[in-house]
Amino acid sequence: MLKIENISKGFNQHQVLKDISLEIEAGSIFALVGPNGAGKTTLIRAIMGIIFPDQGRVLLDDEDLLNDAQLKEKVAYIPEAHHFYPNFNGLQLAQLFRMTYKSWDEARYQELKKEFNLPEKKKFKHLSKGMKTQTAFLLNLPLHPELLILDEPTSGLDPMVRKKILNLIVDEVASNGTTVIISSHNLLELERICDSFGILSQGKVVLSQRVDNLKEEVQKVQVAFEDGLPAEIGQHPGLLSMEQVGKVYTLVLQDPELLDLINKAKPVLFEKLDISMEEIFMSVMGGYGNDQ
Amino acid sequence: MINKTLLWKEWNSNRSILLFLAGILFIYPISLIVGMPGIVNRLQDGETLYAVAMGITLGLTILGQERKYNTMDFLLSLPFGRKRIFTNKMLFAMGGIIFVNLVSYLCLLAIWFGNSDIQSVLSINSLHTFLYLQIVAGLFSFAFCLLFSTLAGSLVAAGIFTIIFSIFPAGFVALVMSNAITFSSNFFQINWGTVLDWGTKLSPVDAIMSYNIPMRWPWILTATLVLVGVSYWLFLRNPMEKNGEILVFPSLYPILKIGVSICTALLAGAIATMGGSVWQIVFFILGGVGGWLFTAYLIRRSQNQV
Chain A
2 MLKIENISKG FNQHQVLKDI SLEIEAGSIF ALVGPNGAGK TTLIRAIMGI IFPDQGRVLL
62 DDEDLLNDAQ LKEKVAYIPE AHHFYPNFNG LQLAQLFRMT YKSWDEARYQ ELKKEFNLPE
122 KKKFKHLSKG MKTQTAFLLN LPLHPELLIL DEPTSGLDPM VRKKILNLIV DEVASNGTTV
182 IISSHNLLEL ERICDSFGIL SQGKVVLSQR VDNLKEEVQK VQVAFEDGLP AEIGQHPGLL
242 SMEQVGKVYT LVLQDPELLD LINKAKPVLF EKLDISMEEI FMSVMGGYGN DQ
Chain B
2 MINKTLLWKE WNSNRSILLF LAGILFIYPI SLIVGMPGIV NRLQDGETLY AVAMGITLGL
62 TILGQERKYN TMDFLLSLPF GRKRIFTNKM LFAMGGIIFV NLVSYLCLLA IWFGNSDIQS
122 VLSINSLHTF LYLQIVAGLF SFAFCLLFST LAGSLVAAGI FTIIFSIFPA GFVALVMSNA
182 ITFSSNFFQI NWGTVLDWGT KLSPVDAIMS YNIPMRWPWI LTATLVLVGV SYWLFLRNPM
242 EKNGEILVFP SLYPILKIGV SICTALLAGA IATMGGSVWQ IVFFILGGVG GWLFTAYLIR
302 RSQNQV
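As given, the protein sequences belong to chains A and B, one line each in that order.
The first sequence runs 2 to 293 under the numbering used here.
The second sequence runs 2 to 307 under the numbering used here.
Next up, chain B with everything else stripped away, as it sits in the complex:
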């Protein structure tokens, strides 16, 4: 399944992005060399910000760029099956994330061995943990974005879905909570604090921020594999004529319309809580209808542009 030509093609198409992201990751060794204040704490805390940024960027661009420039047609006209194309894209992106982090780690290690002052404030174990966290966070963010890249027909749509769903359970619970304030005494006998806590725990954004909970790591890696597996299954079925649309699977449009309508209804309802329950219900209806119509307009517009 490994194909030298496809890997070469990926390298030439994504070289600038990968090198730029690698450059950002080298902020850690450079900061350590110049003795930037706070860098030791950031390494000890296992900051995953740049690794996550790298995963998101590669997850969105590895398929999104091909859709944006219509190069998927060219790629599929070559004597490579979809399985091979996807596998080599994964090898390039995931291998890239691991490789760049490994090089950054080796640089950190070299600096650590060469400087006794650093050794006294930073343990070698925290560097190992730092590498592991970077890779886990990078791969998970990549796989999460990849899922939306196989569902959405454009890079922008995939990016928007990634943002929405990275905070989805927590954000949704927060919207419901905001609306429930008006009615809580009458209708709801729920401990919203617990619900929000669970919503947050189930949000992907929490998974990649939970670097300080080692027990979660195997789960995050398992989730990564599942996400890549689902993306693979979806990519094999991607209708390429839908490139450029919001979603490439038209059967998902009703779900999208309903989902957006519920969220905009809740958002409008939350805004109107100050006006009392009647106004809130009016806004709730207006928000829902508005969300439905706006989504339908966006879908139609994207379909007309293809």
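The shape of chain A in the complex, shown without the other chains:
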């Protein structure tokens, strides 16, 4: 299990992370979502010990990841902007990983190498963005890490490569019980693979939940009333978002008490609708934005 405890970080008098605490179950895929500038990449860099958090700890299986560099043997990290040595070719990078990690699985590397079919003698700086991403996966997956941290792994990739990469992530979790933290803006994609997710906004975790629990907790309903929407429903803090077309309202609710209120108001139309992660995200962010 990965525990992030009270991580805070400020840059130039601006607090980027504000007392972030998260618990991520072992062997699960955790999606870290949030608008641009929410602090996702900063949080990931703090977890990896690349930047020093102002306060807080990161515990991997109860061991302090920030104070023990050796523990990173169990962690693989793929950032959005790949920071491999630009003048190294694929063979040199593989050799660097082979020499660095005791857990390096040569057979898995050879298998992935055939699958990706990348030019291994070309310098990293001369590869396309898609090839760079694939190189990063080719080098990190043979480590069979306990924790795999991915920052926007599929951004800018074509759909075929994106699908291949997502399948590899799911396979890794299924076969090795790897815990995955994945930061992305592609909520549709994340919904397909993640078990739980956390929404980060303005440096704070505004929601962290298992996807199945969240879909029970957050509901989308379509309702209509004879005399319009009662004020006690429209102003209820559990109402995350509301759209109106004529007399029909589409509501996203987080509080079960609201459903009781709706039933008591005797709607002429009441229908529960499927809700996507993207709609949950938009509703939560909209509500959160209004609070600011």
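Accuracy of the hints is not assured; some may be wrong.
Claimed, not checked - Listed next, the in silico PhoX-like pairs over lysine-lysine satisfying Cα-Cα at most 25 angstroms (straight line):
| # | chain 1 | residue 1 | chain 2 | residue 2 |
| --- | --- | --- | --- | --- |
| 1 | B | 84 | A | 126 |
| 2 | A | 205 | A | 216 |
| 3 | B | 5 | A | 75 |
| 4 | A | 122 | B | 5 |
| 5 | A | 103 | B | 84 |
| 6 | A | 103 | B | 69 |
| 7 | A | 103 | A | 133 |
| 8 | B | 202 | A | 75 |
| 9 | B | 69 | A | 133 |
| 10 | A | 124 | B | 84 |
Unchecked claim - Between beta-carbon pairs, the in silico distance windows are:
| # | chain 1 | residue 1 | chain 2 | residue 2 | range |
| --- | --- | --- | --- | --- | --- |
| 11 | B | 253 | A | 246 | 56 to 62 angstroms |
| 12 | A | 71 | B | 20 | 32 to 38 angstroms |
| 13 | A | 68 | B | 165 | 34 to 40 angstroms |
In case anyone wonders, no lab produced these hints; they're calculated from the structure.
Just so you know, even glycine gets a beta-carbon here, dropped at the ideal spot from N, CA and C.
Model the placement of chain B on the given structure of chain A, informed by the hints.
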């Protein structure tokens, strides 16, 4: 602390630079073979130019390249602590300087033993001294640049700081002297010659040029160790999110602004000495304010680019 993987990584990242610098150092044995005029004198004088160039280049690039290409993030994501990363970088760079100079020296020695004409004009002791000087000058220049590489957030900024501070005390005294010409009769009763002499002695550039003063060598080596020690302490505390900025420690920005303002004020004042003391004071103020604003602009610009 020695790590084969990190040394291998350093070799693969810096191989071209090291081999290029090694090639330059082999100018000495090659020049001796072809009998280039003046080469014996240069060896006897203990010319340290190439060794200094080697030290400066490695001192700037060993951390600067990582900052430039953002590879420091990757390096720090590997299971190596900062202490180990720094130690192996030092082993590679300082070991490289010693090794390349040693090979160049062995070549010179082989040529010396094989040629009686050279033996008659060049003593074997001057070759030993030459090796020692190359290593001392190379290591000191490396350590001096390394200090600025751990303070500055980019390779260019580290290079500029290296140039400024290598001549700093002497340059500063010279600026004060230039301004004092106008006021000397009224305000200053100082022997500027002595002050400039001390300023020059305290300038790092003088330390690496003082090859003909053997008494200074232990001091230069001690200074080298101190500089590496301070750089190590700073690297352990380097905030990596500041890579790309002029300085990685924001608490130093006020000192930088004040320092630049004083120097630009003195420079502007020195330019205006011909116009008399009133003009000099006006230029002094304009130079100081201009220096402050320009530095503040550069800091803001570098922060926005990160």
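So, going through the hints one by one against the coordinates:
Only pairs whose Cα atoms come within 25 angstroms are accepted, and residue 84/B paired with residue 126/A is rejected, the gap being roughly 28 angstroms. A threshold of 25 angstroms between alpha carbons decides the hint, and for residue 205/A with residue 216/A the separation of about 22 angstroms falls inside it, so the pair holds. Using a Cα cut-off of 25 angstroms, the hinted pair residue 5/B and residue 75/A holds, with the two alpha carbons roughly 20 angstroms apart. Proposed proximity of residue 122/A and residue 5/B is supported: the alpha carbons are some 23 angstroms apart, at most 25 angstroms.
A threshold of 25 angstroms between alpha carbons decides the hint, and for residue 103/A with residue 84/B the separation of about 20 angstroms falls inside it, so the pair holds. Using a Cα cut-off of 25 angstroms, the hinted pair residue 103/A and residue 69/B is violated, with the two alpha carbons roughly 29 angstroms apart. A C-alpha spacing of about 24 angstroms is found between residue 103/A and residue 133/A, which places the hinted pair at or below 25 angstroms, so the restraint holds. For the suggested pair residue 202/B and residue 75/A, the alpha carbons sit about 53 angstroms apart, so the restraint of at most 25 angstroms is broken.
Proximity of residue 69/B to residue 133/A is assessed by CA-CA distance (about 18 angstroms); at most 25 angstroms being required, the pair is judged to hold. A C-alpha spacing of about 29 angstroms is found between residue 124/A and residue 84/B, which places the hinted pair above 25 angstroms, so the restraint is violated. Distance hint for residue 253/B and residue 246/A: a CB-CB separation of about 59 angstroms, consistent with the stated range 56 to 62 angstroms. A C-beta distance of roughly 33 angstroms is found between residue 71/A and residue 20/B, which places it inside the suggested range of 32 to 38 angstroms.
Our hint of 34 to 40 angstroms for residue 68/A and residue 165/B holds, since their Cβ atoms are close to 37 angstroms apart.
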